[in-house]
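Let the hints inform the model, and build the full structure from the sequences given.
Each chain, letter by letter, is given below.
There are 4 protein chains.
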Amino acid sequence: MVKETVKHTLKIGIIGAGRIGKLHAENLVLLDKVELKAISDIYVENVIDWANKLGIKKTTKDYKEIIKDPEINAVYICSPTNTHAQMIKEAAEAKKHIFCEKPISFSAEETFEALKIVEQHGVKLQVGFNRRFDHNFKKVHDTVKNGLIGDPHIVKITSRDPEPPPAEYIKASGGLFMDMAIHDFDMARYVTGSEVEEVYVQGASLVDPVFKQYGDVDTAIITLKFENGAIGVIDNSRKAVYGYDQRVEVFGSKGSVAIQNDHPTTVEISTMQGVYRDKPQYFFLERYKDAYVIESREFIQCLLQDSPLVCTGNDGYQAELIAKAAKESLQQGKPVKIEQFKSEIIKP
Amino acid sequence: MVKETVKHTLKIGIIGAGRIGKLHAENLVLLDKVELKAISDIYVENVIDWANKLGIKKTTKDYKEIIKDPEINAVYICSPTNTHAQMIKEAAEAKKHIFCEKPISFSAEETFEALKIVEQHGVKLQVGFNRRFDHNFKKVHDTVKNGLIGDPHIVKITSRDPEPPPAEYIKASGGLFMDMAIHDFDMARYVTGSEVEEVYVQGASLVDPVFKQYGDVDTAIITLKFENGAIGVIDNSRKAVYGYDQRVEVFGSKGSVAIQNDHPTTVEISTMQGVYRDKPQYFFLERYKDAYVIESREFIQCLLQDSPLVCTGNDGYQAELIAKAAKESLQQGKPVKIEQFKSEIIKP
Amino acid sequence: MVKETVKHTLKIGIIGAGRIGKLHAENLVLLDKVELKAISDIYVENVIDWANKLGIKKTTKDYKEIIKDPEINAVYICSPTNTHAQMIKEAAEAKKHIFCEKPISFSAEETFEALKIVEQHGVKLQVGFNRRFDHNFKKVHDTVKNGLIGDPHIVKITSRDPEPPPAEYIKASGGLFMDMAIHDFDMARYVTGSEVEEVYVQGASLVDPVFKQYGDVDTAIITLKFENGAIGVIDNSRKAVYGYDQRVEVFGSKGSVAIQNDHPTTVEISTMQGVYRDKPQYFFLERYKDAYVIESREFIQCLLQDSPLVCTGNDGYQAELIAKAAKESLQQGKPVKIEQFKSEIIKP
Amino acid sequence: MVKETVKHTLKIGIIGAGRIGKLHAENLVLLDKVELKAISDIYVENVIDWANKLGIKKTTKDYKEIIKDPEINAVYICSPTNTHAQMIKEAAEAKKHIFCEKPISFSAEETFEALKIVEQHGVKLQVGFNRRFDHNFKKVHDTVKNGLIGDPHIVKITSRDPEPPPAEYIKASGGLFMDMAIHDFDMARYVTGSEVEEVYVQGASLVDPVFKQYGDVDTAIITLKFENGAIGVIDNSRKAVYGYDQRVEVFGSKGSVAIQNDHPTTVEISTMQGVYRDKPQYFFLERYKDAYVIESREFIQCLLQDSPLVCTGNDGYQAELIAKAAKESLQQGKPVKIEQFKSEIIKP
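Protein chains in written order, with this note's numbering: chain A, 1 to 348; chain B, 1001 to 1348; chain C, 2001 to 2348; chain D, 3001 to 3348.
Calculated directly from the structure, the hints in this document are not laboratory data. C-beta atoms are modelled at their ideal positions from N, C-alpha and C, and glycine is treated no differently. Please note that the accuracy of each hint is not assured.
[As the list claims (entries may be wrong)] With a Cα cut of at most 20 Å, we get these calculated EDC-like pairs of lysine to aspartate or glutamate:
| id | chain 1 | residue 1 | chain 2 | residue 2 |
| --- | --- | --- | --- | --- |
| 1 | B | K1064 | B | D1032 |
| 2 | C | K2058 | C | E2035 |
| 3 | B | K1239 | B | E1163 |
| 4 | B | K1053 | A | E35 |
| 5 | A | K289 | B | E1163 |
| 6 | B | K1061 | B | E1045 |
| 7 | A | K53 | B | E1045 |
| 8 | A | K254 | C | E2035 |
| 9 | C | K2033 | D | D3151 |
| 10 | D | K3212 | B | E1298 |
| 11 | C | K2225 | A | E328 |
| 12 | C | K2225 | A | E35 |
| 13 | A | K139 | B | D1278 |
| 14 | D | K3139 | D | D3151 |
| 15 | A | K102 | A | E168 |
[As the list claims (entries may be wrong)] Here are the in silico distance ranges between beta carbons for each label pair:
| id | chain 1 | residue 1 | chain 2 | residue 2 | range |
| --- | --- | --- | --- | --- | --- |
| 16 | C | K2254 | D | Y3043 | 46 to 54 Å |
| 17 | D | F3283 | A | P209 | 23 to 31 Å |
| 18 | A | F283 | B | K1254 | 28 to 36 Å |
| 19 | C | Q2260 | D | Y3043 | 20 to 28 Å |
| 20 | C | Q2260 | D | L3285 | 18 to 26 Å |
| 21 | B | D1142 | A | K289 | 18 to 26 Å |
| 22 | B | G1147 | A | K289 | 31 to 39 Å |
| 23 | B | K1254 | D | T3083 | 55 to 63 Å |
Below, the structure is given as structure tokens:
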């Protein structure tokens, strides 16, 4: 039934025209079989010119106009996290497919409720774990999946931002685990193809005292135990002065697969002082530029072909459960088991 | 006078809707302050749907309709090489700025005549040496220009295609030097900031006998002597089975700067058999994808701001003179001096 | 007093002529101001020819002959671990300087007792943490010490063997932490210049069930908390099929320093299938060949110049305390604090 | 007959105890089945202590004492180039096997005469092209020989010294081609397994005017044409400020094989300013330390087993013929054919 509506061209509406909403908009207008029809923002006046230039027909302050529009097949939810769950429910009830930025909510219970409604209405929901669509990370995933390194034994993820967000943002961010490491929790599940059973956190506030002030940490080493027997570790920092540091390594019974950072150029300069090359790409907009394009392209293709999504609501939910356990581990100073999975209930 | 016409939005027409014409079209439609108004092709019926999707208003079999269109400020000449010189003349006379694919013609004399007319009419002409806009090559150029490696002593350029073109194409290509090495001759001038005085070629036909059949070679080592005292070498092959091989190294009194190829990913797989990574990007469309975007962006900016072009008609002419001398060197088996420069006459 | 005996040429005796004892012997004979006078082994008959070829004057079944020899200034203890502590005591009482392979003993108490006697007799004791003398690891240490990366925040050590030892060896090895990770505990202290306060282990038996059988693990992720506020992680495996994997990364407030593995060659082969290079050096004899030479050279220099050792008895003791805590953490499934330091008592 | 003399232990004498003579001595004393019996030098008084420490029995001012010693099976000729040919003749007549540093002489005729005498007396002669025994270069050779890259099409050799020799040395060096590029001519033959037919040189004096003063160049690009159809290029500089630059690449019908320089460490330091690593090994003593060891080991093994040498007198002769042709090409400004090979006469 939903399937019937997506015959020729998909009509899309975007809720939230901040940086990430605009990024998705500019990628969507270049895709075949897609019309980006509408965009909403509470400060819509700031984006009207930009929307006109892109040929977006409708701009509005009220996201409900997008959800109620009978022509629109799918919505992108790019508004602040605390609005996601409510909008997901409304969109699902209006039979729209949904792309939602991560995390779905700051509360695993709230996320679970939203996903149940998505399931009841038979719409598709993709969560914005953009790194699954990165050229490097995807090839690591494929290499493991194809058995080239045998059974995974050890997974190592490095994930460091070039600079901390503003204090204002930190306060409302949900903390390091929900805001930043959540991508790494998803990556751990994605590259191993296994659920996480237990997590232990060693955290510290070494970058800026503001994190401590808000009960947060800026530096962490997170140990993971997987259902398939593998073990893993994530290291996070809010400030890598040399740029965005995004690496993963999976070590297994038949070998290992690892990636290095992307750099703006391959230039090497050799002088009397040494050999120099570029720092890594500065931050996620540079590093994941192509990943964002592919993320939307794959979402659209799955809608058009009614095929399984690469990254589902359940993926968002599981990552939140790990983030929740990580926070508890930090507070309690000991390993914490991940809550019993309810994934049998939530099927994308 | 010409300047006055480019106040707000530049209107562009493209002549020739083959692979490269379409590539430029798709890049132009995304640029600010540009309207891609028209495209012509002798088989225009094949591209009408594609042109409509991109919002190009006019499609035509006859390139003269583009040149005569009084609204159009600049034309892209993407038709076969043997048509370039004539179209340049007509476009210049019609007061259009010109972007022309390389080479301008197969005859240095014909190129010179075309460039004189460009100069007489005060229009700008950019030649399609796309590699000048590549992230890697540009940084080599900048590093040398900024004096980081001192005076250049040795320049080394590797330029190998992944596979030879069809026999049909080889026959009409103008030969290895005019068709393929011409990019490398331009690169040699670009990274050193110096003219080439003398060239010596050691060539061979090792890849496919069809090259020999057409009096051509498929493998070459080309020695260059520069006006500034530096010496250089280009090595070319029509067939590098591992993919497009595009590297440069400039060695000087204070150090060296070198680039490696771009690869699709940074993935490394370590097994009992060895350590593996991706082959380089397959060919020029993959390697220079971003360079083509920047090439047009810079051309448009120079038109809008009436500023000097990065790559002029004279750059095209000089590269052709080197190609001509290279062909003579191959035939004569000895070094050949480049013809006296006429660059004082041709100012872009 | 001890100092007086080492005026011109140092006379050395080696206890234990197994693989590592012979390695030290072959390095010692090439050093200036050193005479390797004697070697003992319970199967001395196997090494007499080899010793003659090297010009070693005395060979004996009885290590006491070495310890009692009044000409000998220093002894190398290269016998099995369970003999180290007793031999250290006897050598110290005989006023010999001591080089002892790691670990000093399988019991922190026993090690402590041996070190007290070393201290009482004023002899020097160097423990065989050969990696401190490796070209790569030493430069990481120096880079951190010189402040180039600011305050250390995160330390990551990868340490994987190419293949597990024989079952016989595993049984008597003292377990992963005392036998293998002890090098990494020392490396963690060496590169950060800080003591470890707390350790948490996530271990698994994924390589071979024999480890489980002996109450051991073959795969581990070990989280460390340092006195200076930094946090760290070690990952260990008994079997990396691609070869010995020995890397470290220190990430700090001003940058990071990291090493890659050494490879037998720098050769890269590019074909239609991909780009290949050598696996890392196979195991510690290949990787640390030069480190063993430098280890002895530095030990001898410190004796000749009466200068502080790079790697002391206390360094051996501290690493054993961490290994002990790691074993407890694995058994208890929670983080364990390192025992109160007694380093004020033990001064090298 | 000669074979009979080398039953158990080879006795060796070295002529010339300069830097390279001493290097060979220190390597030889560590080899099995070898006794370094004697060393001669016109300033023998400077090396007597060093020789005693190494256990060399005989030291003398007169090289003839070595050649006449009936116990000695083989001699190393490490004296200045202008003495090599005469000593080779005398040694051959005395039935000694010979290791001779490169070049054999400054005159192809003189070299030829010496090699004829070597042949007449049935002794073996190895020329000191140490790079054939380097881990990297040897693997390139093996990769080509095993057919992994198919038929060689293009060979590229980079060979740059870190700093020019003293003016005194330059004057008597025989010039860039005979002194420095001769190693590269040999490398070209070694990695391709083919003779060189023709050479063309583009040279310049950019590093120091002293080279011009002595009719020499300090910078060169040398094009080679091989018998097997391949073409090649060598680039030389007397001064690479970042250190010794020694690379080779062979490109063929099925792929390519290339090496990078060796570096003292694999350390990478990432800061706000960029990513840094070590310069290459400083010069040949660092880069080829192990190659010198293997060079002697292989020479000794070939003598003991009476097996063919890796690097013969004819290899020395051919490289000299190419050097001679290169010099002529530089003087005449055109390609020069290599003199007809006389290798049928000279068999090692």
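Here's how the hints hold up against the structure:
1. B:K1064 with B:D1032: violated (26 Å)
2. C:K2058 with C:E2035: It holds: about 12 Å lies between the C-alpha atoms, which stays within 20 Å.
3. B:K1239 with B:E1163: Holds. K1239 of chain B to E1163 of chain B sits at ~4 Å (cutoff 20 Å).
4. B:K1053 with A:E35: holds (12 Å)
5. A:K289 with B:E1163: violated (30 Å)
6. B:K1061 with B:E1045: holds (8 Å)
7. A:K53 with B:E1045: Outside the cut-off at roughly 29 Å; violated.
8. A:K254 with C:E2035: violated (46 Å)
9. C:K2033 with D:D3151: violated (54 Å)
10. D:K3212 with B:E1298: Not satisfied, since the Cα-Cα distance of roughly 45 Å exceeds 20 Å.
11. C:K2225 with A:E328: Distance ~18 Å between K2225 of chain C and E328 of chain A Cα, so the pair holds.
12. C:K2225 with A:E35: Judged against 20 Å, a Cα distance of about 53 Å means the pair is violated.
13. A:K139 with B:D1278: holds (10 Å)
14. D:K3139 with D:D3151: holds (17 Å)
15. A:K102 with A:E168: This hinted pair holds, its Cα atoms lying about 19 Å apart.
16. C:K2254 with D:Y3043: 46 to 54 Å: holds (52 Å)
17. D:F3283 with A:P209: 23 to 31 Å: violated (51 Å)
18. A:F283 with B:K1254: 28 to 36 Å: holds (33 Å)
19. C:Q2260 with D:Y3043: 20 to 28 Å: violated (45 Å)
20. C:Q2260 with D:L3285: 18 to 26 Å: 25 Å Cβ-Cβ, so the 18 to 26 Å window holds.
21. B:D1142 with A:K289: 18 to 26 Å: Between D1142 of chain B and K289 of chain A, where Cβ atoms are some 22 Å apart, the hint holds.
22. B:G1147 with A:K289: 31 to 39 Å: Taking Cβ atoms as reference, G1147 of chain B and K289 of chain A lie about 32 Å apart, which means the hint holds.
23. B:K1254 with D:T3083: 55 to 63 Å: Violated, since K1254 of chain B and T3083 of chain D (Cβ atoms, about 39 Å apart) do not stay within the stated range.
In this structure, the hints that do not hold are numbers 1, 5, 7, 8, 9, 10, 12, 17, 19, 23, in rising order.
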